[in-house]
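Once you have looked at the hints, place chain B on chain A.
So you can see what is in the structure, the chains are spelled out below.
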Amino acid sequence: MPFKIISSQCTGCSACEPLCPNVAISEKAGTFFIEAKKCTECLGYFDEPQCVAVCPVENTCVVDTTLPRYQGPA
Amino acid sequence: MNAVAEREENVEAAEAGGKMRAIADYEGCRSSLSNGKRSCGSQASESDLPSEIWDKIKNHPCYSEEAHHHYARMHVAVAPACNIQCNYCNRKYDCANESRPGVVSEKLTPEQAARKLIAVATSIPQLSVLGIAGPGDALANPKKTFKTFELVAAAAPDIKLCLSTNGLDLPDHVDTISRCKIDHVTITINMIDPEIGARIYPWIFFNHKRYTGIEAAKILTHRQLQGLEMLTDRGILCKINSVMIPGINDQHLVDVNRAVKSRGAFLHNIMPLISAPEHGTAFGLNGQRGPTAQELKALQDACEGQIKMMRHCRQCRADAIGLLGDDRSAEFTTEKIIATDVEYDLKTRKAYHAKVEDEREAKIAARQEELATIAGEMSEIKLLAAVATKGSGLINEHFGHAREFQVYELSTSGVKFVGHRRVDLYCRGGYAEDDRLARIIRAINDCHAVFVAKIGGCPRKNLINAGIEPVDQYAHEFIEKSAIAWFRSYLDKVKSGEIQHVQRGDGAIREGSLISAA
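From first to last, the protein sequence lines are chains A and B. For the first sequence, this note's numbering begins at -3 and goes up steadily by one. For the second sequence, this note's numbering begins at 139 and goes up steadily by one.
Chain A with its partners taken away, still in its complex shape:
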């Protein structure tokens, strides 16, 4: 399951954007969003999802349960 950003809670601080190893995060109208197709939950890169670890608002970068879990590199 990739991560998503709850945009109503996003402060638009941009801290997550440069940390994403998959360049999956970008800005739209002042808040940030994650491109689900690109998100690998940071598996293989870091011990913890970078966007979650750096986000200043708790429970704003969360698992998107509507999508299937990331399966790792093919």
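These are computed hints drawn from the structure, not numbers from a lab. Each residue gets a CB set at the ideal place from its N, CA and C atoms; glycine is no exception. Heads up, a few of these hints could be off.
Said to hold, decoys possible - Okay, the calculated beta carbon distance ranges per label pair:
no. : chain 1 : residue 1 : chain 2 : residue 2 : range
1   : B       : K599      : A       : A25       : 51 to 61 angstroms
2   : A       : T27       : B       : H536      : 21 to 31 angstroms
3   : B       : K281      : A       : K33       : 21 to 31 angstroms
4   : B       : G351      : A       : G68       : 31 to 41 angstroms
5   : A       : A25       : B       : K347      : 42 to 52 angstroms
6   : B       : S517      : A       : G26       : 54 to 64 angstroms
7   : B       : S261      : A       : E44       : 43 to 53 angstroms
8   : A       : A25       : B       : Q641      : 34 to 44 angstroms
What the hints assert, rightly or not - Pairs of lysine to any residue, SDA-like flavour, derived with a Cα cap of 25 angstroms:
no. : chain 1 : residue 1 : chain 2 : residue 2
9   : B       : K281      : A       : Y66
10  : B       : K528      : B       : K592
11  : B       : K347      : A       : Q67
12  : B       : K281      : B       : S261
13  : B       : K599      : B       : N534
14  : B       : K285      : A       : T27
15  : B       : K285      : A       : P(-2)
16  : B       : K285      : A       : E13
17  : B       : K230      : A       : E44
18  : B       : K347      : A       : A25
19  : A       : K0        : B       : K347
20  : B       : K631      : B       : A591
21  : B       : K485      : B       : E499
22  : B       : K488      : B       : P309
23  : B       : K631      : B       : A510
24  : B       : K528      : B       : G594
25  : B       : K281      : A       : V48
26  : B       : K633      : A       : Y66
27  : B       : K347      : A       : S10
28  : B       : K347      : A       : I2
29  : B       : K230      : B       : K485
30  : B       : K281      : B       : M368
31  : B       : K493      : B       : E190
32  : B       : K230      : A       : E23
33  : B       : K347      : A       : Y66
34  : B       : K493      : B       : D465
Same frame as chain A, but now just chain B:
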């Protein structure tokens, strides 16, 4: 051995040959009658400091109390990201009447920031400094921060550059800071004891990992002190900001003060915690109070002598513009900046600064002259006076228009700037006139007199009833000279028995931290 003790040892060794030692050892405060030379860090003047240091601070409003009456700064909000969480900060908060670090209405790109600087420097010739102070952490956004400095240095070579950081990423950027000719760096250090740190910082983000609790605070303090040493070794002036949080780090800040002094910090700025519940910070929500004016001053006084203390900090926003007490950021919105095309006028700016220097000299000469008139006077009396001023070191503001009052301590050994009290609308709005007056009186309740350019009949009566003497006879004259003259006549009246000297109560710092007004 814990990390802090280990650092102490390393520092002792590193310090032996440290070139900032002479600066750190410079102590002393207030304008003294005996030689007229030793003066408070924030009040330091040309004769007090090595010339290379004086050149760096003489027109920096944050590093020199004396300069802050004459010169303006601007912050550009190019650095929104942060790498730590502080219990006194809520990144979701914004309000037009709010003036605090971390709060900002408009973020800028480096290109917009450089454009804005040129526009502001043209319409505010007092502007001497560009700082990057967030709203996140300058060094958690290194690309944006250094790109802004690069653009500004090319467009406006006479502007001093400075930045403010929590210090976590500082050691990684010291060489870039040095290369970019950033002469001034402010590090916020609230503790050197990780157990205390754990009560201030819920987490830090370091090396791609979130750390919490004592482990987080250990890393943070280690990196802060290491960064401070690296900067002072390179001759970069460092100011340390500390937030005074009663019951958590208030006593501990004396240890912090000693630790940063031994590492060559130039100036220490202890600021009151701002924790109004409506700001939604962890401290605001759990009822943590801020200090009273008296508590803050007592701590600043206790630390003085160790290192110069800054007492004129306005805890300004990451997009503040203008003289420290007069934020004009609302005049310079991005929309306006983009729409106007201005050329940087170095010649006019230089002429203006020369005029300011003449004013400063006149002010200092007037103070020295007046000081001579109380030379030899001895009295135990020491009191505070509030001043309504628009800058230039003059009593030039109407009581009713003042958004803040500057506070001076008067005694027979001289006159010393010891702080300021904000009295403007503090994020609430809709005060009736009576409320406003009551708030002003609470804010300057520890003062014996208030110096104004003009005052109406009603507030005059209320002030007198509250035991504060409104003084308008020195309208548009120099603050320090007038304060000494008034103090001399006050002493004469006490001596002749015309009045009796009584102690005043405590003053309130802003609205949010108002716990008890004496």
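A quick look at each hint next to the structure:
1. Distance hint for K599/B and A25/A: a CB-CB separation of about 54 angstroms, consistent with the stated range 51 to 61 angstroms.
2. In this structure the supplied range 21 to 31 angstroms is violated for T27/A paired with H536/B, their Cβ-Cβ distance being about 44 angstroms.
3. Judged by the Cβ atoms, the range 21 to 31 angstroms given for K281/B and K33/A holds: they are separated by roughly 26 angstroms.
4. Under the hint 31 to 41 angstroms, the C-beta atoms of G351/B and G68/A, about 32 angstroms apart, fit the expected range.
5. In this structure, A25/A and K347/B break the distance hint of 42 to 52 angstroms, their C-beta atoms being roughly 31 angstroms apart.
6. Between S517/B and G26/A the beta carbons are some 60 angstroms apart, a value that agrees with the proposed interval 54 to 64 angstroms.
7. A hinted range of 43 to 53 angstroms for the beta carbons of S261/B and E44/A is consistent with their spacing of about 48 angstroms.
8. Distance hint check: the CB atoms of A25/A and Q641/B are about 57 angstroms apart, inconsistent with the given range 34 to 44 angstroms.
9. With a CA separation close to 31 angstroms, the supplied pair K281/B and Y66/A exceeds the 25 angstroms bound.
10. With a CA separation close to 13 angstroms, the supplied pair K528/B and K592/B stays within the 25 angstroms bound.
11. Between K347/B and Q67/A, the direct Cα distance comes to roughly 23 angstroms. Compliance with the 25 angstroms bound is thereby established for this hinted pair.
12. Proximity of K281/B to S261/B is assessed by CA-CA distance (about 28 angstroms); at most 25 angstroms being required, the pair is judged violated.
13. Only pairs whose Cα atoms come within 25 angstroms are accepted, and K599/B paired with N534/B is accepted, the gap being roughly 21 angstroms.
14. The hinted pair formed by K285/B and T27/A meets the criterion: a straight-line CA distance of about 23 angstroms does not exceed 25 angstroms.
15. At most 25 angstroms may separate the alpha-carbon atoms for a hinted pair to count; K285/B and P(-2)/A exceed this at roughly 33 angstroms.
16. Proposed proximity of K285/B and E13/A is supported: the alpha carbons are some 18 angstroms apart, at most 25 angstroms.
17. A hinted pair counts as satisfied when its Cα atoms are at most 25 angstroms apart, and K230/B with E44/A qualifies at roughly 24 angstroms.
18. For the hint linking K347/B to A25/A, the alpha-carbon distance of about 28 angstroms lies beyond 25 angstroms, and the restraint is violated.
19. A C-alpha spacing of about 19 angstroms is found between K0/A and K347/B, which places the hinted pair at or below 25 angstroms, so the restraint holds.
20. Straight-line distance between C-alpha atoms of K631/B and A591/B comes to about 23 angstroms, which keeps the hinted pair within the 25 angstroms bound.
21. For the proposed pair K485/B and E499/B, the alpha carbon gap of about 22 angstroms is at most 25 angstroms, so the pair holds.
22. For the hint pairing K488/B with P309/B, the CA-to-CA distance comes to about 35 angstroms; that exceeds 25 angstroms, so the pair is violated.
23. For a cut-off of 25 angstroms, the pair hint linking K631/B to A510/B stands: about 19 angstroms separates their Cα positions.
24. Taking the CA atoms of K528/B and G594/B, the gap is about 18 angstroms. The hint holds against a cut of 25 angstroms.
25. Taken as a hint, the K281/B and V48/A pair is honoured in the structure, with Cα atoms around 22 angstroms apart against an allowance of 25 angstroms.
26. As the CA atoms of K633/B and Y66/A are separated by approximately 85 angstroms, the hinted pair breaks the 25 angstroms bound.
27. For the hint linking K347/B to S10/A, the alpha-carbon distance of about 17 angstroms falls within 25 angstroms, and the restraint holds.
28. Taking the CA atoms of K347/B and I2/A, the gap is about 22 angstroms. The hint holds against a cut of 25 angstroms.
29. Proximity of K230/B to K485/B is assessed by CA-CA distance (about 42 angstroms); at most 25 angstroms being required, the pair is judged violated.
30. Between K281/B and M368/B the alpha-carbon distance is near 21 angstroms, which keeps this suggested pair within the 25 angstroms criterion.
31. For the suggested pair K493/B and E190/B, the alpha carbons sit about 22 angstroms apart, so the restraint of at most 25 angstroms is met.
32. Pair hint K230/B plus E23/A holds up; C-alpha atoms about 17 angstroms apart against a cutoff of 25 angstroms.
33. Under the criterion of a C-alpha separation no larger than 25 angstroms, the hint pairing K347/B with Y66/A is consistent with the structure, at around 21 angstroms.
34. About 23 angstroms separates the Cα atoms of K493/B and D465/B, which keeps this hinted pair within 25 angstroms; it holds.
In summary, the structure is inconsistent with hints 2, 5, 8, 9, 12, 15, 18, 22, 26, 29 from the numbered list given earlier, while agreeing with the others.
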